[in-house]
Structures are given as structure tokens and as C-alpha cells.
Amino acid sequence: MLRILLLIIGYFIGNIETGYIFGKLNKMDIRNYGSGNAGATNTLRVLGPKAGLIVFLGDFCKSLIPCLLVRYIFRDNVSLSYVYMLYIGLGVVLGHNFPFYLGFKGGKGVASTAGIIMALDYRIAFVCLAIFILIVAITRYVSLASIVVMIIFIGMSHMLVKTN
Numbered sequence: 015m016l017r018i019l020l021l022i023i024g025y026f027i028g029n030i031e032t033g034y035i036f037g038k039l040n041k042m043d044i045r046n047y048g049s050g051n052a053g054a055t056n057t058l059r060v061l062g063p064k065a066g067l068i069v070f071l072g073d074f075c076k077s078l079i080p081c082l083l084v085r086y087i088f089r090d091n092v093s094l095s096y097v098y099m100l101y102i103g104l105g106v107v108l109g110h111n112f113p114f115y116l117g118f119k120g121g122k123g124v125a126s127t128a129g130i131i132m133a134l135d136y137r138i139a140f141v142c143l144a145i146f147i148l149i150v151a152i153t154r155y156v157s158l159a160s161i162v163v164m165i166i167f168i169g170m171s172h173m174l175v176k177t178n
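Straight run, no breaks: the sequence shown in the numbering used here ends on number 178.
Among the hints, erroneous ones may be present.
[Stated by the list, open to error] Here are the in silico distance ranges between beta carbons for each label pair:
no. : residue 1 : residue 2 : range
1   : Asp135    : Leu71     : 17 to 25 Å
2   : Ile87     : Asn46     : 22 to 30 Å
3   : Tyr115    : Leu71     : 19 to 27 Å
4   : Arg17     : Pro63     : 37 to 45 Å
5   : Ile166    : Gly48     : 24 to 32 Å
6   : Val92     : Ser49     : 36 to 44 Å
7   : Ile161    : Asp135    : 18 to 26 Å
8   : Phe26     : Arg59     : 23 to 31 Å
9   : Val92     : Gly50     : 37 to 45 Å
10  : Ile145    : Cys75     : 27 to 35 Å
11  : Leu67     : Lys38     : 29 to 37 Å
12  : Phe26     : Leu94     : 19 to 27 Å
Keep in mind that the hints were calculated from the coordinates and are not lab data. All values reported here derive from a predicted model rather than from experimental measurement. Cβ coordinates follow ideal geometry from the N, Cα and C atoms, glycine included.
Model the full structure from these sequences, guided by the hints.
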């Protein structure tokens with residue numbers, strides 16, 4: 015029951031569409047431009063680096079903060095807190111990608127997923143960030159970097175669990 019509640023809470027937090035809000039502050043629906051989604055990458059392309067960074071930080075923090083809060087609440091049981099962080103984090107990403115009030119058309123969840131990774135293990139997050147930046151610098155494809163980083167994150171998480 016708690017896992018479902020965490021998913022639901024995360025979903026509603028994820029519905030805070032930073033890109034959409036920032037676009038509206040600039041008198042536009044960001045989803046009508048660029049790639050058509052409400053995420054940080056599209057905001058970067060359409061409104062520039064400053065707007066892209068603000069939206070990235072908003073999307074990053076909307077998953078990082080709830081995950082850290084769950085970690086704190088369940089700090090006496092590390093294994094359980096890890097699982098609960100994944101549930102609330104998944105809810106945030108689902109809410110970000112499929113916000114009900116925007117016709118289920120949101121962002122891609124890259125920045126929100128990065129916040130979850132940071133909350134789960136900052137060491138893995140920094141390795142993933144370095145690889146992400148390298149791939150984007152070489153290929154100019156955020157989507158490719160995102161996929162590669164997720165594969166690396168899963169592998170590194172598995173290795174850390176086995177060694178701890």
C-alpha cells in the first residue's frame with residue numbers, strides 16, 4: 015500500500031512541468047516548438063541555455079528532493095529506503111512524462127531520472143554525468159547519451175550492490 019502511495023505522490027510531484035511553466039512565463043507553450051516536449055532539452059533548444067538550465071534544475075530537483083526525503087524518513091532500513099526511493103522516483107518520472115493536465119504530453123524524464131540517480135548514489139551520478147557530457151559533446155545526441163547512461167547506471171548499481 016505504501017509503495018502505491020509513493021507512486022501516486024511522486025506522480026503528482028512530477029506533474030509540476032518546469033518547462034511548460036517556464037514557457038508560459040515567456041508567453042508560449044514550449045510543446046508547440048522544437049521537439050514538442052516540455053523538458054529541459056527542448057527548452058534549451060527553443061529558449062536558450064539559461065532557460066534550459068533553469069528547467070533542468072527544476073526537473074532534477076523535483077525528483078531529487080522527494081527521494082532524499084524518503085531516504086531520510088526510512089533511514090533505519092537502508093534496503094527499504096532504496097526501494098521506496100525508486101517508487102517515488104518512478105512516480106515523479108511518470109508524472110513528468112505523462113502529466114494529466116497537459117493531455118499526458120510532458121517531457122522525456124532525463125533530468126528527473128538524473129535526480130533519482132543522484133539521490134540513490136552520488137558516486138554513480140557523477141560517473142554517469144561525465145559519460146553523458148562526453149557522449150553529447152561527441153555526438154550532439156542527448157537521447158543516445160541518456161540511453162547509454164541508463165545502461166551504465168544499471169550495471170554500476172548492480173556492481174555496488176554485490177560489493178556492499
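Status of the hints after comparison with the structure:
For aspartate 135 and leucine 71, the Cβ-Cβ distance of about 20 Å falls inside the hinted range of 17 to 25 Å, so the restraint holds. The hinted window of 22 to 30 Å between isoleucine 87 and asparagine 46 is violated, with their beta carbons roughly 40 Å apart. About 22 Å separates the C-beta atoms of tyrosine 115 and leucine 71, a value consistent with the hinted range of 19 to 27 Å. Checked against the given bound of 37 to 45 Å, the beta carbons of arginine 17 and proline 63, roughly 38 Å apart, stay inside it.
Between isoleucine 166 and glycine 48, the C-beta spacing of about 27 Å keeps the proposed range 24 to 32 Å intact. As the Cβ distance of valine 92 to serine 49 is approximately 39 Å, the hint placing it in 36 to 44 Å holds. Between isoleucine 161 and aspartate 135 the C-beta distance comes to about 20 Å, which sits within the given range of 18 to 26 Å. Checked against the hint of 23 to 31 Å, the pair phenylalanine 26 and arginine 59 passes, with Cβ atoms roughly 28 Å apart.
For the hinted restraint 37 to 45 Å between valine 92 and glycine 50, the CB-CB distance of approximately 40 Å keeps it satisfied. Under the hint 27 to 35 Å, the C-beta atoms of isoleucine 145 and cysteine 75, about 22 Å apart, miss the expected range. Here the CB-CB span from leucine 67 to lysine 38 is close to 18 Å, at odds with the stated 29 to 37 Å. Between phenylalanine 26 and leucine 94 the Cβ separation comes to about 22 Å, which falls inside the hinted range of 19 to 27 Å.
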